[in-house]
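Novice: Chains F and L are the protein sequences, given in the same order.
Each number in our numbering corresponds to the 1-based position in the first sequence with 479 added.
Each number in our numbering corresponds to the 1-based position in the second sequence with 32 added.
Be aware that one or more of the hints could be misleading.
[Stated by the list, open to error] Below, in silico cross-link-like pairs of lysine-lysine (DSS-like), each with a Cα-Cα straight-line distance of 27 Å or less:
| id | chain 1 | residue 1 | chain 2 | residue 2 |
| --- | --- | --- | --- | --- |
| 1 | L | K655 | L | K76 |
| 2 | F | K531 | L | K789 |
| 3 | F | K604 | F | K633 |
| 4 | F | K543 | L | K795 |
| 5 | L | K789 | F | K675 |
| 6 | L | K407 | F | K675 |
| 7 | L | K388 | L | K303 |
| 8 | L | K738 | F | K531 |
| 9 | F | K653 | L | K331 |
Source of the hints: derived by calculation from the structure; they are not laboratory data.
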Amino acid sequence: MLAIISRLKIKIISYGSGRLSHGQLWLINCKKNIVTFPVFIIFFLIFSSCEKVINIDLKKAESKYVIEAYVSNEPGDCKVHITQTVNFSDPADFPGVPGAVVTMQDDNNTPVALVETGYGMYESKDINGTEDHTYSLLVKVNGQVFTSVSQMPKQVNFDSLSIVDFRSFDGNRKFANVTFDDPSGKGNAYRFLQYKNEILNKNIFVLNDDFTDGRINNSLLTYFDRTYEERIETGDSIKVEMQCVDFAVYKFFSSLSQSSTGSSDNVSPGNPVSNIQGGALGYFSAYTKQKKIVLAK
Amino acid sequence: MKQVIFSIAMALTSLVCCSQQEETMKGKINAAAKHNISGTIRNKITGESIIGATIKVLNNREAIISNEYGFFSLTLPEGNYILEISYAGLPKLIKEIHLFTNLTSDIYLDEYSKTLDEVVINNSIPGRSVSGTQMGTERLSIQEMKYIPQLFGEKDPMKAIQLLPGIKAVSEGNSGIYVRGGAADQNLILLDEAPVYNASHLLGFFSTFNPDAIKDITVYKTGMPAQYGGRLSSVVDIRMNDGNSQDYTISGGLGLISSKLNIEGPVQKDKSSFLVSGRSTYVDLFLKLSNDSIINRNKIGFYDLNAKMNFTMGKKDKLFISGYFGNDHLNAGDNFGLYWGNTTGTLRWNHIYSNKIFANSSLIYSNFNYGINLKLGANDVNIFSQIRDWNLKEELQWNPNAQHTFRIGINSIYHAIQPGNVTSSLTSSFNNVVFQKRFSSENALYFSDAWKLNNKWNLTYGTRLSGFSILGKGDFYNLDDRGKITDTIRIDEGKILKTYLNIEPRLAVSYLLTNSSSLKASYVRNTQNLHLISNSTSARPTDRWVASTNNIKPETSSQVSLGYYKNLLGIKYELTVETYFKGMQNQIDYRDGSDITDANALETQLLYGKGRAYGLEFLFRKKSGRFTGWLSYTLSKSEKKIDGINNNEWYNARQDRTHEIAIVGTYKLKKKWTLSANWVLYTGDAVSFPEGKYNIGTETFFYYTKRNGYRMPTYHRLDLAATKVLKQKKRFTSELSFSLYNAYGRENAYSITFRDKKAEPLKTEAVKTTLFRFIPSISYNFKF
Numbered sequence: 480m481l482a483i484i485s486r487l488k489i490k491i492i493s494y495g496s497g498r499l500s501h502g503q504l505w506l507i508n509c510k511k512n513i514v515t516f517p518v519f520i521i522f523f524l525i526f527s528s529c530e531k532v533i534n535i536d537l538k539k540a541e542s543k544y545v546i547e548a549y550v551s552n553e554p555g556d557c558k559v560h561i562t563q564t565v566n567f568s569d570p571a572d573f574p575g576v577p578g579a580v581v582t583m584q585d586d587n588n589t590p591v592a593l594v595e596t597g598y599g600m601y602e603s604k605d606i607n608g609t610e611d612h613t614y615s616l617l618v619k620v621n622g623q624v625f626t627s628v629s630q631m632p633k634q635v636n637f638d639s640l641s642i643v644d645f646r647s648f649d650g651n652r653k654f655a656n657v658t659f660d661d662p663s664g665k666g667n668a669y670r671f672l673q674y675k676n677e678i679l680n681k682n683i684f685v686l687n688d689d690f691t692d693g694r695i696n697n698s699l700l701t702y703f704d705r706t707y708e709e710r711i712e713t714g715d716s717i718k719v720e721m722q723c724v725d726f727a728v729y730k731f732f733s734s735l736s737q738s739s740t741g742s743s744d745n746v747s748p749g750n751p752v753s754n755i756q757g758g759a760l761g762y763f764s765a766y767t768k769q770k771k772i773v774l775a776k
Numbered sequence: 033m034k035q036v037i038f039s040i041a042m043a044l045t046s047l048v049c050c051s052q053q054e055e056t057m058k059g060k061i062n063a064a065a066k067h068n069i070s071g072t073i074r075n076k077i078t079g080e081s082i083i084g085a086t087i088k089v090l091n092n093r094e095a096i097i098s099n100e101y102g103f104f105s106l107t108l109p110e111g112n113y114i115l116e117i118s119y120a121g122l123p124k125l126i127k128e129i130h131l132f133t134n135l136t137s138d139i140y141l142d143e144y145s146k147t148l149d150e151v152v153i154n155n156s157i158p159g160r161s162v163s164g165t166q167m168g169t170e171r172l173s174i175q176e177m178k179y180i181p182q183l184f185g186e187k188d189p190m191k192a193i194q195l196l197p198g199i200k201a202v203s204e205g206n207s208g209i210y211v212r213g214g215a216a217d218q219n220l221i222l223l224d225e226a227p228v229y230n231a232s233h234l235l236g237f238f239s240t241f242n243p244d245a246i247k248d249i250t251v252y253k254t255g256m257p258a259q260y261g262g263r264l265s266s267v268v269d270i271r272m273n274d275g276n277s278q279d280y281t282i283s284g285g286l287g288l289i290s291s292k293l294n295i296e297g298p299v300q301k302d303k304s305s306f307l308v309s310g311r312s313t314y315v316d317l318f319l320k321l322s323n324d325s326i327i328n329r330n331k332i333g334f335y336d337l338n339a340k341m342n343f344t345m346g347k348k349d350k351l352f353i354s355g356y357f358g359n360d361h362l363n364a365g366d367n368f369g370l371y372w373g374n375t376t377g378t379l380r381w382n383h384i385y386s387n388k389i390f391a392n393s394s395l396i397y398s399n400f401n402y403g404i405n406l407k408l409g410a411n412d413v414n415i416f417s418q419i420r421d422w423n424l425k426e427e428l429q430w431n432p433n434a435q436h437t438f439r440i441g442i443n444s445i446y447h448a449i450q451p452g453n454v455t456s457s458l459t460s461s462f463n464n465v466v467f468q469k470r471f472s473s474e475n476a477l478y479f480s481d482a483w484k485l486n487n488k489w490n491l492t493y494g495t496r497l498s499g500f501s502i503l504g505k506g507d508f509y510n511l512d513d514r515g516k517i518t519d520t521i522r523i524d525e526g527k528i529l530k531t532y533l534n535i536e537p538r539l540a541v542s543y544l545l546t547n548s549s550s551l552k553a554s555y556v557r558n559t560q561n562l563h564l565i566s567n568s569t570s571a572r573p574t575d576r577w578v579a580s581t582n583n584i585k586p587e588t589s590s591q592v593s594l595g596y597y598k599n600l601l602g603i604k605y606e607l608t609v610e611t612y613f614k615g616m617q618n619q620i621d622y623r624d625g626s627d628i629t630d631a632n633a634l635e636t637q638l639l640y641g642k643g644r645a646y647g648l649e650f651l652f653r654k655k656s657g658r659f660t661g662w663l664s665y666t667l668s669k670s671e672k673k674i675d676g677i678n679n680n681e682w683y684n685a686r687q688d689r690t691h692e693i694a695i696v697g698t699y700k701l702k703k704k705w706t707l708s709a710n711w712v713l714y715t716g717d718a719v720s721f722p723e724g725k726y727n728i729g730t731e732t733f734f735y736y737t738k739r740n741g742y743r744m745p746t747y748h749r750l751d752l753a754a755t756k757v758l759k760q761k762k763r764f765t766s767e768l769s770f771s772l773y774n775a776y777g778r779e780n781a782y783s784i785t786f787r788d789k790k791a792e793p794l795k796t797e798a799v800k801t802t803l804f805r806f807i808p809s810i811s812y813n814f815k816f
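Bound conformation, chain L alone:
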């Protein structure tokens, strides 16, 4: 309660502050009336709203960015203005406005306003705002990632962001990420605001995000705005396309592994539209074609479906319905079947109360489940597990004047987790076991204000008050130091076992050094109440999500960052340097020899400790011209200290990679061809290698001394791609893309294992396994 009062008090104080500010400003600058211009930035061809477009007032240096629904609102003194509207991959638009009354106007950016050649040259990628306070943010539009060469030619947004500083791939070819030294489960991955609990297909080799259905991907590595919360490391905010409101379009692609089809169009021109986008693998077909019974008895594959509709109802209201449905299956012979999938649904309502107040209400559903079917001799076992969320969000954005943008909102999530449900036939050796279902509610109240103090200083401050309540019905346990249960607490339905309250302050400040350079600093605190318990080094769908309990405390992190930003030669080049330190509390690890599938009291298997991560990130980007691309370098450290592991001493987290370099380049040739390449190099993961060996029975086993005391070999790889436009007509375009993954065939170590030598049984050897060398691919994409 204290915290509630505190945050309300803070909100009120800030309101008072700003009204005072406004009055003094009025007195100083202009006595004339102020007016407001608001509206939505859209793509002229598709009618899609554009997230993160920059609206710059050329004659007074004001600049704002459209919000996640494309909406902007700008208040200026009466007068004539020239606006420059820009967005990645689209030509700039210069628009003159005469502001003598409040204006509401949608602004359209036109892809084909110029001939292709000119577009290329002017196709600048607007920079991150040098003056805004937001730091630690990486944004990629689908346009930008289109040409990045990727494994099997699949354009995967999650893999494209791995080429940016501070974001690392979980392992080779994997779509999972580590952000600034955090764990893979510490990323909040949102698809149209709905959390996606397992964002991977095919055991991690692809992400669940079909690029055809995606509009924009934003990663917050620090300074998460107050509207986001619930994970320690990052927020990956992915927004789906709304659907073309101007014209019907069918587009698609044939790839090596999967094919896609995307249909969109207006329901009522300019007012409402729909989008359906599907993707499916056909690996199974190939497996079936094989005459070899060893191949054709196995099955593997995935499909997913994105759908969205939006309706404009009058001038003030907009309704969006979007959904995602995806599923994977893996069958090995008759003995083993595994399926898993996510379902998300989002219902959103934008309402414009006035040209200064924008409101959004969302009702969000998210579900992840997996199932295993086993048949081993006489035994058949089915295991089912699920995590399901209902989530309600309400947010107001208020732009009282050009100095302030307020956000205030509430968020309430109900989680139901079914850790496992084992069923078996009567003749089987297995008992039917139902693990306890776990219920919890996660609530948050937040506010923030982006405040332009003057021409030099910007300040964003805010706080998020989060509460996590563990609900009945269920049995909870008290444990002793060794993890043994001392007694059981029974909580009835509707009762609360415990509520964890946390204040998460968010503070960011920027100082404009010159017109083209700035310094920024930020502080952010995050809390995480859902933990992915995994004892494997590779992410698996069967890893277990658990909520905080009386024993598992909320994970928390505090991060401070400092950054320098510079635009060079106008905005052709951009340089960013950021440094950070992050402390993490209540981190979770396993006891040695623990059994993750152990029934109810998973806590008996866990150990707790802390983590720390710090680093320096450097990004140099060329944003316009025929050649675009970037150079990114990260120097970082990530460590853990867990009671009961490594003699309670600090040790390197597996994802501790000291150096990481990525070079990404795209070159547009005259007419038809686009060439691209990327090269990555990083220090090998921190791993445990044995220093000794011994015998049990007649078999050799290995003796380990230090946790993660060794390194995998340095990793590096070059990928190449070429895209040829086959046809470019008004009604039909098609493209052919070729790519070559790991072009010089570097034998990177996926794993290093140890074993007895076959020829000389008294000797042992280390064996390196390499996954991907020279993987060529081809894909064909069309649109009409």
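For reference, chain F alone in the conformation it holds in the complex:
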């Protein structure tokens, strides 16, 4: 009997959500990657499970504007990208929205108009993002008005970046470890972008200091690799950009990764919590930017 079962090819769906999202980390959160093993016996979790592509008749939704807006403390780094949602069955090439009026205001200074530099891409070289300043965004497009406010936090120093060996339940992995000293007082939030040999890792890495307030933070940027190409191997050059973001931006990215990836068995799927008023999807982030590079050993 057991022999029969052992011959079945069984898949384990990895569970885990990548980031240490407090207590719920790793708990049955059928995330993206599915690793196949000819396994002996691991029944109850996904016993001889299988995956199939199916057709679902999904209705067409009214299109919505998607705004990605940011300003960093790097001089002249101020961009707004406006796109629209498309139907599920349409190709995912998300055309930009031209002809919008986009302005950004640095504290109480005169608002600066952003210039359309590409299809749906608006930029300005005239805003030099500064810590502690509040930025206001105004977007007018086809009669709709969207506004948002974001405060650029004080920069927290990105102390070090290293690559750490990790004994995961499905094998050994290497992950980037970031170190920084979180200032006292809750409300600090961070976003990380990780590049392997200059290719961006698509996972969302965000952190808040709810449980780590005022301490030296050592955090692994863990994720479940969808492809072997995403794994960090010896010899890879790993670059990490650390952004100090305001809390609303943290909330946007954490809710986006929890409920909008299409693979959430974890939370009721839905739209992320946006800090843009007026009914658009997306976010406006004023953040500070620091980068470090390390070679994986």
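Keeping the supplied structure of chain F fixed, place chain L upon it in accordance with the hints.
Specialist: Positioned in the frame of chain F, the structure of chain L alone reads:
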């Protein structure tokens, strides 16, 4: 206070009513003296008391049912009577009594009074009482669920009841239930009266109830008797075996996933007995055997232990001590460990004041806790969470005459909830955080009367007055509309922040249309003050129990039901049709993007609204003969309306499954073999699917419009089982069972996810994941 006076007044009024009734009855029917017969119905072989046995007086049509301790009391005019005593899975007993004085007598039903073959034929399952008022009740004895094929061959009582109308599985292979459109946390699951806060093992794939230790399981979908309260949807009352008081028995089973051993016997024959029943998985052993380091570094498993002792002290007193202890563990590599478990303990004392007054006192302890150990790089974190209850119950049952059965009781529970306790080493990035402990006391006073008005009408009326007090010490919050804290209220130890009082009327009436058919109607109101806050679609041990606060109001529900009951061809067949409507208030949901682990003021993350559920349930059952089984069909709707979700419009609850069908059949072949099968079909769950997509950065995300606006594909499945008796001797019996879950390998969707196509990144696709196809199992059971 007003309510207290009201309910006492109601109780008094009813007492007056019944004494008048009694006098008029005396005058009319018989001037002769009345006498009482009382005692306990028992199984002759094991000495176990039998819950819910029917005692029928054949020559005057009276019928009563033994209570949860097997006790019965019947008052009749002087004379000779023939009693027929019946119970599921046991042959009927006909007993003659001469009632010229009050009698106390235990009645024994004998499993082996006839040869096996005859037993099979006469092995009728007594029906639900057509004449009694209780409706919306499903009862299964272990005997009945023994042959139902199940996943991995584990006989799980919680999964067996999912085949009955109005009770739905939370998800495939899961032991959690939704009852009549309610949520999974709205079921009061009791093991020997102790609430079990997380009734699941292995992340929901098994329930905590070891069938070897269980005597009886009763589910109340509506018309909960007044002695039960505290949850909106249902009461699942599970009673443990008392232990064989006649002889020592060892029984056990070897299964694919777990093995069991059960030892019971008399401490003093006929007077006292004990039972110890243990169960353990050995998944870990298999994982360890593997050479593959990817497998052998993970651990998962559970064990549980049931123990019970009972003592008969003289003719009037009985003492029971029972306990449950269970634990689960899950380890993934060195990085993650999770453990959780329930502990319950019950100390009960039955006292018979007179042959008409039965009293029960219980002291109950219940504990659920979980812990998480994490190690991620330099960080190690330990999280501990606990809910603990002390519970005192006192109840009197009084049968003044054949017309009335009164129950009056009080119940007082002290809850202590530790939502989370985070500890970490010095070198870790984590702070030690202790979430506020929450204290509350839940009290209830209830009474009820089951009243036989005449040959046609029966009425059960009663009320439960419940009070929930939020106790200090602790900080509580006032919130604005957007969930932001406006100010903090500090309550000192021993002080009460607030008490919620609720009256829960219970009313049920039945009308006998003919000897074999009846109509019944009921109304019940329920209150719930402990809420399981979960933002996941699958039940997890880490879901958080919270008590009502100044912001989280008690959930309430009102349910009306109407039913038709019919016995066909004697009692060979039984037909039940019930319909219901249930309204639910103060239902809880999450704000979008909320963080359940957020420290103290969880309320800032919550939204409130209402729910409604209605449906029609149909059950046709064949109860005797070689072939037994049932056909159940449910047509139902369950909706929610929460301020801040789905544009404040009504939406389908996830568990809204329009149609649900179950067919269950068992066929006994001549000597050795029993064959069984069940087939289920239901409408897919209501789920949210995306209608659009967009880009953030370079990644595709999905755009949702309506909450739960789509359906999972229709689910259906056939399971088969065959059991062969290997040996059947007086001292030793053994059986071998084979089963095949999902026999035709239907690829039912466990989840549907959306992603970019690998080959064509500009396209997106929907992917269905199927869990269980063709799961064979084998198990061996023995008893000596």
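Novice: Each of the hints needs a verdict: does it hold here or not?
Specialist: Quick rundown of the hints versus the structure:
1. Proposed proximity of L:K655 and L:K76 is supported: the alpha carbons are some 23 Å apart, at most 27 Å.
2. Between the alpha carbons of F:K531 and L:K789 the distance comes to roughly 12 Å, so the proposed pair stays at or under 27 Å and holds.
3. Simply put, F:K604 and F:K633 have alpha-carbon atoms about 22 Å apart, close enough for the 27 Å limit, and the pair holds.
4. Proximity of F:K543 to L:K795 is assessed by CA-CA distance (about 19 Å); at most 27 Å being required, the pair is judged to hold.
5. Of the pairs offered as hints, the one joining L:K789 and F:K675 holds, with about 22 Å between alpha carbons and a cut-off of 27 Å not exceeded.
6. Distance hint between L:K407 and F:K675 is fulfilled; the C-alpha atoms sit about 25 Å from each other, no more than 27 Å.
7. Simply put, L:K388 and L:K303 have alpha-carbon atoms about 22 Å apart, close enough for the 27 Å limit, and the pair holds.
8. In summary, the hint linking L:K738 to F:K531 is supported, as the alpha carbons are separated by about 25 Å, within the 27 Å threshold.
9. With a C-alpha separation of about 22 Å, the suggested pairing of F:K653 with L:K331 holds against the 27 Å cut-off.
Going down the numbered hints, you'll see the structure goes against none, and every one checks out.
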